[in-house]
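Once you have looked at the hints, place chain H on chain F.
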Amino acid sequence: MNEPDRVQLNLPSNPKLMTLVRCIVAQSAKLAGFDEKTAQEIVLAVDEACTNVIRHCYRGDTSQAIQLTVEVADQDYLGISLRDFGAKQDPSQFKSRDLDAVEPGGLGMHFIYSTMDEVEYDSSVTVGTLMRMRKFIQGSTDADH
Amino acid sequence: MQIIKQQEEKGQVGLVYLAGEVDMHSSPALRQALLEFARKKKPTIVVDMAEVDYIDSSGLATLIECMKKARGYQGRVVLSRIKPNVYEVFKLAKLTGFFEITDDLAELLGE
Numbered sequence: 001m002n003e004p005d006r007v008q009l010n011l012p013s014n015p016k017l018m019t020l021v022r023c024i025v026a027q028s029a030k031l032a033g034f035d036e037k038t039a040q041e042i043v044l045a046v047d048e049a050c051t052n053v054i055r056h057c058y059r060g061d062t063s064q065a066i067q068l069t070v071e072v073a074d075q076d077y078l079g080i081s082l083r084d085f086g087a088k089q090d091p092s093q094f095k096s097r098d099l100d101a102v103e104p105g106g107l108g109m110h111f112i113y114s115t116m117d118e119v120e121y122d123s124s125v126t127v128g129t130l131m132r133m134r135k136f137i138q139g140s141t142d143a144d145h
Numbered sequence: 146m147q148i149i150k151q152q153e154e155k156g157q158v159g160l161v162y163l164a165g166e167v168d169m170h171s172s173p174a175l176r177q178a179l180l181e182f183a184r185k186k187k188p189t190i191v192v193d194m195a196e197v198d199y200i201d202s203s204g205l206a207t208l209i210e211c212m213k214k215a216r217g218y219q220g221r222v223v224l225s226r227i228k229p230n231v232y233e234v235f236k237l238a239k240l241t242g243f244f245e246i247t248d249d250l251a252e253l254l255g256e
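Just so you know, the sequences run in chain order F and H.
Residue numbering for the first sequence follows the working numbering, beginning at 1 and increasing consecutively.
Residue numbering for the second sequence follows the working numbering, beginning at 146 and increasing consecutively.
Keep in mind that the hints are not guaranteed to be accurate.
[Claimed, not checked] Calculated cross-link-like contacts (lysine-lysine; reagent style PhoX-like; alpha-carbon spacing at most 20 angstroms):
| no. | chain 1 | residue 1 | chain 2 | residue 2 |
| --- | --- | --- | --- | --- |
| 1 | F | Lys16 | H | Lys150 |
| 2 | H | Lys213 | H | Lys236 |
| 3 | H | Lys213 | H | Lys186 |
| 4 | H | Lys185 | H | Lys155 |
| 5 | H | Lys186 | H | Lys228 |
| 6 | H | Lys239 | F | Lys95 |
| 7 | H | Lys236 | F | Lys37 |
| 8 | H | Lys186 | H | Lys155 |
| 9 | H | Lys239 | H | Lys228 |
| 10 | H | Lys185 | H | Lys214 |
| 11 | H | Lys155 | F | Lys37 |
| 12 | H | Lys239 | F | Lys37 |
| 13 | H | Lys239 | H | Lys213 |
| 14 | H | Lys150 | H | Lys213 |
| 15 | H | Lys213 | H | Lys185 |
The hints are simulated quantities; they were obtained by calculation from the structure and are not laboratory data.
Chain F on its own, in the form it takes in the complex (with noise of 0.2 angstroms):
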């Protein structure tokens, strides 16, 4: 099996450029082969989850900083890790809304749970946290690795 592809990202935390996450986590699910329409809700995903770390680990501060790494592992999985170095946040409160009940928060856990195949939060990082997220080809699954 060939070493997966890593594209590190590294940038602030400036909601204006989320634009370009979205086109470089765009065109890497497609290179590991995923379709269009699973590229998106990918792309979705990963957005929710830089947003929160704008929103909740810096409060809103443009200023700081982000690291995105994309592992393309090509018709395997795409691999998402994102630190942030703000605010140690528990996981145990990241929680969906029930979607029934119709509120203009509380979307983006959603969107990452229902698409992601792994999600898990890593505190132990000295500051910060790291946060990664895997979603397999489908074929391919955890259990190959």
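Just chain H, lined up with the frame of chain F:
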């Protein structure tokens, strides 16, 4: 890049034409425009999305907030001409039944 391509009032209708990506960066401008219509108690608020390529939870939250405010005065919010890939996001969020959605803007405006 401005998310609002055009904003106008046609009698009882407040109409905003969007273009681009509705996300955390652009949704505040959309929110401002929609809340302005809601403050005026526009009976019908139309958000035309023919040129919207992307929407995330920030954009959806803005639309939901507007809908709730409009319902407060028995107003209606209509989303028009949503692209298929954007409509998928509404489906994922189970919001297709919450909003009034149309593909025929001309008919909606009585043109």
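* To do: Could you tell me which of the hints above the structure violates, numbers in ascending order?
  => 5, 11 and 14
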